Amino acid sequence: MTAIYLDNNATTRTDPSVVEAMLPYFSESFGNASSAHSFGASVGEAVKAARQQLQALLGAAHDHEIIYTSGGTESDNAAILSALEAMPDRNEIVTSKVEHPAILSLCEHLEKTGRAKVHFIGVDKLGQLDIEAYRAALSDKVAIVSLMWANNETGTIFPIEGLAELAKQHGALFHTDAVQAAGKTSIVLKDSAIDMLSLSGHKLHGPKGIGALYVKKGVRFKPLIRGGHQERARRGGTENVPAIIGLGKAAELALAHMAEEQGRVKEMRDRLEKAVLQRVPNCLVNGDRNDRLPNTLNLAFEYVESEAILLHLNRAGVAASSGSACTSGSMEPSHVLKAMEVPEAALHGAVRFSFSRDNQASDVDRVIETLPPIVEKLREMSPFWADAEKKTNDKPVFA
Amino acid sequence: MWDYSEKVKEHFFNPKNAGVLSTANAVGEVGALACGDALKLMLHIDPVTEIILDARFQAYGCGSAIASSSAVTELVIGKTLAQASAIGSRDIANHLGGLPVEKMHCAVMGYEALQSALAAFRGEARRFEHEEGALVCRCHGVDERVIEGAIREHQLTSVEQVTARTMAGSGCTTCYERIEDILVRVTAEALRIQEAAQIAAEAAAAQAKEPAPGTVTLLAARPRPAQPRAETPRPASAVAASSPLTPSSPLPPPSAGMTNLKKIRLIEETIEDLRVYLRKDGGDCELIDVDGSNVLVSLTGACVGCQMASVTVSGIQERLIAKLGIPMRVIPVGRNAHGL
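Line order of the protein sequences matches chains A and B. With the first letter of the first sequence counted as 1, position 74 gets the number 74 in the UniProt record's numbering; the numbers rise by one all the way through. With the first letter of the second sequence counted as 1, position 316 gets the number 316 in the UniProt record's numbering; the numbers rise by one all the way through.
Hints were generated in silico from the structure; no laboratory data involved. Nothing here was measured: the structure is a model prediction, and the numbers come from that model. All C-beta atoms, glycine included, are put in the ideal place defined by N, C-alpha and C. One or more hints might be untrue.
Subject to a maximum C-alpha distance of 30 Å in a straight line, what follows is the list of computed DSSO-like cross-link-like pairs (lysine-lysine) [what the hints assert, rightly or not]: (1) Lys79/B with Lys9/B; (2) Lys112/A with Lys280/B; (3) Lys217/A with Lys48/A; (4) Lys377/A with Lys7/B; (5) Lys323/B with Lys280/B; (6) Lys9/B with Lys377/A; (7) Lys217/A with Lys125/A; (8) Lys208/A with Lys168/A; (9) Lys48/A with Lys190/A; (10) Lys16/B with Lys377/A.
Simulated coverage check for chain B against chain A, where a stretch passes if three residues somewhere in it have a Cβ under 8 Å from a Cβ of chain A [claimed, not checked]: (11) 10-21; (12) 33-40; (13) 59-70.
Required output: the full structure, derived from the provided sequences and hints.
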């Protein structure tokens with residue numbers, strides 16, 4: 001039985017051509033990119049080329065606006081901490097309740113240690129930002145606004161460009177965590193109000209341990225990691241050259257496959273969504289179905305717990321997730337779904353299917369065949385299902 | 001994905017005794033939809049022999065919750081009430097070949113459902129409900145109230161002490177930070193109460209010893225030592241609040257008629273008790289002299305130049321005030337003096 005991987009928001013398979021592009025930089029082209037001799041010079045050129053590939057993916061005006069980091073978490077931390085340091089007369093942060101822990105944990109820590117006042121803006125039932133609360137939180141005390149481009153659990157896309165414009169009206173810096181959006185949806189940073197953007201290599205078929213932070217030309221930036229003069233002294237440490245080359249190649253491929261992501265991948269996702277809703281009662285779709293990443297489907301099954309579903313799915317050869325991979329070790333329900341006020345009966349029963357260009361139509365067929373009996377079996381065992389079934393027979397099924 | 005034993009997987013994929021038991025005469029229900037796991041355990045107990053003839057369950061939850069529920073039914077069938085009463089969460093976990101520490105709460109749920117069912121059979125009420133959000137340690141089912149109570153009752157000052165008393169935090173340790181927060185909050189509350197009592201005691205003492213017109217009280221003329229207040233941010237307040245330097249009992253009434261000898265002995269005892277903790281951190285504090293209400297001490301080792309030295313001094317001072325019940329001022333002196 002071939003295993004089916006539908007957890008691409010957690011991580012993606014490194015594309016074989018990415019691996020191929022990286023390999024010479026472990027052996028033949030091993031020079032230090034900062035070295036002046038010929039061993040280093042060619043590597044330095046390759047690192048520059050990768051930067052231009054990222055520039056193209058992000059629609060950035062200049063390649064030097066890209067800083068290589070160790071991944072999304074470092075990029076997020078660097079952006080926020082830089083803003084607080086660069087704007088000492090401002091000590092407030094605006095973010096949302098549905099951010100990735102890379103943002104939330106940092107903001108909670110900054111608040112706890114008295115270094116910043118943080119406004120955690122709520123979302124509606126679709127996961128869309130409460131714009132009125134956002135407007136109300138903005139002021140000339142805000143150093144930085146950090147809002148995710150697309151949610152990792154539900155795929156809901158925030159209207160980032162507009163939100164950035166609002167932040168600029170108050171002189172605040174605007175950062176977006178685009179770790180899930182980059183490569184899946186069109187991004188054009190040139191002429192936008194976005195000051196900083198985070199992305200991660202392994203979410204777009206690149207290697208793990210590499211990411212980038214876009215910092216718009218002219219934005220004051222204070223490094224998180226200080227050391228040598230790498231990255232124009234904006235991020236110290238010898239460059240992780242093979243990973244950088246891999247990231248560049250992954251960015252090039254992501255741009256080339258963008259149409260596929262928004263076409264074939266979206267079709268597979270939508271077919272699964274429709275089929276499950278038809279076959280499984282008491283099932284909800286979490287997220288904004290009109291404004292969502294094309295690859296993400298978050299389904300919540302009432303009166304069953306997601307881990308039990310995932311264990312059965314895994315035995316049937318289907319890998320999915322209960323939400324964010326970073327928090328799947330936690331027993332707490334998803335903070336994203338809690339913020340969206342997902343009904344209690346469904347809060348613990350959310351399963352995320354996330355597709356990529358590696359998936360095939362037959363993968364969807366397998367899930368459609370496998371999932372409904374699993375949910376049915378678990379519900380039969382649930383002490384709540386019999387009562388719920390009686391109640392829900394009288395109301396239309398969400399579809 | 002959790003690292004489950006083969007036995008857990010077997011009980012999860014092929015649960016034993018799942019379903020409704022129509023002949024049940026003892027039912028135990030724990031958990032809720034909001035908590036993410038729930039178990040309804042149904043037992044058929046022979047009222048004469050008190051032997052559990054049959055057991056079934058309905059469970060909502062993760063893999064180990066279903067496996068633990070299945071295991072409980074296997075463990076209790078054929079047992080007497082007394083034997084079943086002795087089954088603990090560890091027995092359930094052992095029956096499954098162990099559970100990941102993060103999932104021990106599932107075995108606790110099985111135990112609680114069993115105890116509830118047995119209590120119901122005996123006509124007793126036994127509830128294990130935790131308020132939503134109050135459950136702190138899921139591994140051992142310890143909620144906020146239990147932790148708060150233990151901190152207050154035993155004047156606990158560290159997470160390790162809380163763990164030793166309540167078991168909270170001895171499993172997966174993900175609740176460690178939350179326990180720390182509770183510790184800081186409860187200790188700060190206790191400090192506020194002590195401060196209020198101290199102020200009241202000082203006022204009462206001042207009233208009792210109201211000086212004759214024209215006399216000057218030296219102590220009253222000195223500036224009052226700074227007392228940390230909960231609403232005033234101070235560095236490392238968490239450390240300070242949970243420190244052994246924190247007074248361990250409410251402020252006693254001002255001592256009346258205490259001899260100098262008794263006073264010095266009490267001061268010596270108090271400082272000696274605290275030195276144990278300071279030495280653990282590589283520091284030390286030695287009593288040099290007692291001059292009226294001034295207690296002269298010498299700080300050595302890591303305490304010298306420590307950013308927390310002033311917190312240490314005020315901590316000693318608070319402790320002395322609490323112990324002796326009279327206003328005191330601790331002053332570091334000698335070659336290592338900090339020159340308060």
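Now for the hints, and whether the structure bears them out:
no., hint, result
1, Lys79/B with Lys9/B, "25 Å, holds"
2, Lys112/A with Lys280/B, "28 Å, holds"
3, Lys217/A with Lys48/A, "17 Å, holds"
4, Lys377/A with Lys7/B, "20 Å, holds"
5, Lys323/B with Lys280/B, "23 Å, holds"
6, Lys9/B with Lys377/A, "16 Å, holds"
7, Lys217/A with Lys125/A, "37 Å, violated"
8, Lys208/A with Lys168/A, "33 Å, violated"
9, Lys48/A with Lys190/A, "19 Å, holds"
10, Lys16/B with Lys377/A, "14 Å, holds"
11, 10-21, "holds (count 5)"
12, 33-40, "holds (count 7)"
13, 59-70, "holds (count 7)"
Hints 7, 8 from the earlier list are contradicted by this structure; the remaining hints agree with it.
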